[in-house]
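Enquirer: Sequence:
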Amino acid sequence: MNKYQSSKAKTDSMTKEPITFDKLPQAVSYLTEQVEKIYQLVETLQPQRLDHQHQLIDIDKASILIQKSKPAIYRLARTGLIPAYKRGKKLYFYEDELLKWIEAGKKQSQPLSYQE
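19 is the number of the first residue of the sequence shown in the numbering used here; add one for each residue after it.
It should be emphasised that the hints constitute simulated quantities derived from the structure, not laboratory data.
Glycine residues also receive a C-beta, built at the ideal position from the N, C-alpha and C atoms.
Do not take every clue at face value.
[Unchecked claim] Listed next, the in silico DSS-like pairs over lysine-lysine satisfying Cα-Cα at most 30 Å (straight line): (1) Lys88 / Lys55; (2) Lys79 / Lys118; (3) Lys79 / Lys55; (4) Lys88 / Lys107.
[Unchecked claim] Label pairs and their in silico Cβ distance ranges: (5) Phe39 / Val60: 31 to 39 Å; (6) Val60 / Ile37: 37 to 45 Å; (7) Gln64 / Tyr110: 55 to 63 Å; (8) Thr62 / Lys107: 37 to 45 Å; (9) Pro101 / Val60: 27 to 35 Å; (10) Lys79 / Pro43: 41 to 49 Å; (11) Tyr110 / Thr50: 39 to 47 Å; (12) Pro89 / Gly123: 14 to 22 Å; (13) Lys41 / Gln64: 28 to 36 Å; (14) Leu99 / Glu51: 49 to 57 Å; (15) Arg93 / Asp114: 21 to 29 Å; (16) Lys55 / Glu35: 19 to 27 Å.
Put together the whole structure using the sequences plus the hints.
Expert: Laid out in structure tokens, this is it:
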């Protein structure tokens, strides 16, 4: 008998019997165990998200990410200065592309000379 079958047998026995006041602690313990198992299954089935994943975002999230207003972002997208994708009337962005765009705009700092 595998884990699933033994768990199912236990589930069947728990659901067929009425829960009395005396069996309440056991029932709560059983339900807590089942919730923990479900939580672990969900965790293993979810794809692991990396921080710098190629994730599609809308203009609201892009506005927060690059700290510019929506009209400014529309203007940058229209002139082709920011990496954007248009589908219908909506603009979409990839988070990692916006971060690279910000990094590419970094100015080189000039070292101070001794004469200054």
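Enquirer: Between tyrosine 110 and threonine 50, does the C-beta distance stay in 39 to 47 Å?
Expert: The hinted range 39 to 47 Å holds for tyrosine 110 and threonine 50, with Cβ atoms some 42 Å apart.
Enquirer: With a cut-off of 30 Å on the C-alpha distance, tell me whether lysine 79 and lysine 118 pass.
Expert: The given pair, whose Cα atoms are some 16 Å apart, holds under the 30 Å limit.
Enquirer: Mind checking the alpha carbons of lysine 88 and lysine 107 for me, to see if they're no more than 30 Å apart?
Expert: Satisfied, since the Cα-Cα distance of roughly 14 Å is no more than 30 Å.
Enquirer: With a cut-off of 30 Å on the C-alpha distance, tell me whether lysine 79 and lysine 55 pass.
Expert: 34 Å, violated
Enquirer: Looking only at beta-carbon atoms, does the pair leucine 99, glutamate 51 fall within the given range of 49 to 57 Å?
Expert: Given a distance of about 56 Å, which is inside 49 to 57 Å, the answer is holds.
Enquirer: Quick one: are lysine 41 and glutamine 64 within 28 to 36 Å, going by C-beta?
Expert: 34 Å, holds
Enquirer: Regarding the pair lysine 88 and lysine 55, is the alpha-carbon distance no greater than 30 Å?
Expert: Violated, at about 44 Å.
Enquirer: If you check the beta carbons of proline 101 and valine 60, does the distance land in 27 to 35 Å?
Expert: About 34 Å separates the Cβ atoms of proline 101 and valine 60, which means 27 to 35 Å holds.
Enquirer: Are lysine 55 and glutamate 35 spaced within 19 to 27 Å by their CB atoms?
Expert: Given about 21 Å between the Cβ atoms, the range holds.
Enquirer: Do the Cβ positions of threonine 62 and lysine 107 conform to the proposed distance bound of 37 to 45 Å?
Expert: Holds, since threonine 62 and lysine 107 (Cβ atoms, about 39 Å apart) stay within the stated range.
Enquirer: Could you check the hint for me, namely that glutamine 64 and tyrosine 110 are 55 to 63 Å apart, CB to CB?
Expert: 23 Å, violated
Enquirer: Can you let me know if the beta-carbon spacing of proline 89 and glycine 123 is within 14 to 22 Å?
Expert: Since proline 89 and glycine 123 have Cβ atoms about 19 Å apart, the given range 14 to 22 Å holds.
The earlier numbered hints that this structure contradicts are 1, 3, 6, 7.
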